[in-house]
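Keeping their order, the protein sequence lines are chains A and B. Count the first sequence with my numbering and you get residues 2 to 116, in order. Count the second sequence with my numbering and you get residues 4 to 118, in order.
Some hints here could point you the wrong way.
Claimed, not checked - Straight-line distance between alpha carbons at most 27 Å, and here's what the computed DSS-like set of lysine-lysine pairs gives:
id : chain 1 : residue 1 : chain 2 : residue 2
1  : B       : Lys45     : B       : Lys71
2  : A       : Lys14     : B       : Lys71
3  : B       : Lys52     : A       : Lys14
4  : A       : Lys58     : B       : Lys61
5  : B       : Lys72     : B       : Lys52
To be verified - Calculated from the model, a selection of chain B residues having no Cβ within reach of chain A, i.e. all distances over 10 Å:
id : residue
6  : Val16
7  : Thr20
8  : Leu23
9  : Arg25
10 : Phe66
11 : Glu67
12 : Ser73
13 : Thr75
14 : Ser83
15 : Ser97
16 : Ala110
Think of the hints as simulated: they come from the structure by calculation, not from any bench. Just so it is clear, CB atoms sit at the ideal spot from N, CA and C, and this is done for glycine as well.
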Amino acid sequence: KAGVTQTPRYLIKTRGQQVTLSCSPISGHRSVSWYQQTPGQGLQFLFEYFSETQRNKGNFPGRFSGRQFSNSRSEMNVSTLELGDSALYLCASSLGDSDSGNTIYFGEGSWLTVV
Amino acid sequence: AQSVTQLDSHVSVSEGTPVLLRCNYSSSYSPSLFWYVQHPNKGLQLLLKYTSAATLVKGINGFEAEFKKSETSFHLTKPSAHMSDAAEYFCVVSPPSGGYNKLIFGAGTRLAVHP
């Protein structure tokens, strides 16, 4: 069974540009969530999607957005990139059928560098 | 609000000696608790999960953790460290309800294993 797949794995963008990251969850998983990992702030929750609907959201500015498709694949977008957006972006998936205690599986992440 | 505090940012042990990584949680209700491990330049791997069943939870690779409500702790242990255990470990809490897949991460403990 394939795990959570994220693309691209590495990318470099310029300040002011936008970026789209993609995530394919484990087959059968309907929930996809996104996290940002930086040395200074650690791991922070961005948002979670279930059946194409955003179900939960963290404390990030509106420049960070996401969506989920009918096949459960998800994308996140960051517009007007800032240097501080440089981070490892992790996607995670789960069955999502419980409102707590789901076993959540992570992908290997997309490394974004903003220059 | 839920939170977790990892009491040590760095732990260093010799190969073959026991490992103890400490975690305290804060929650108004009985939460779901997890330990994840992250090897360099990799995503997060679930070690074990507590969801109000047995208080002693066994995970992969010989790790286990004990949920102690009276001490609000969820410390991770392993009887004998292996070189391959060197990584960063995260104690994680999931809100008891309505939080879906919004995980709250501790700051992490970097484990070094010396020959």
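Quiz item: Among the hints numbered above, which are violated by the structure, and what are their numbers in rising order?
Solution: 1, 2, 3, 4, 15, 16
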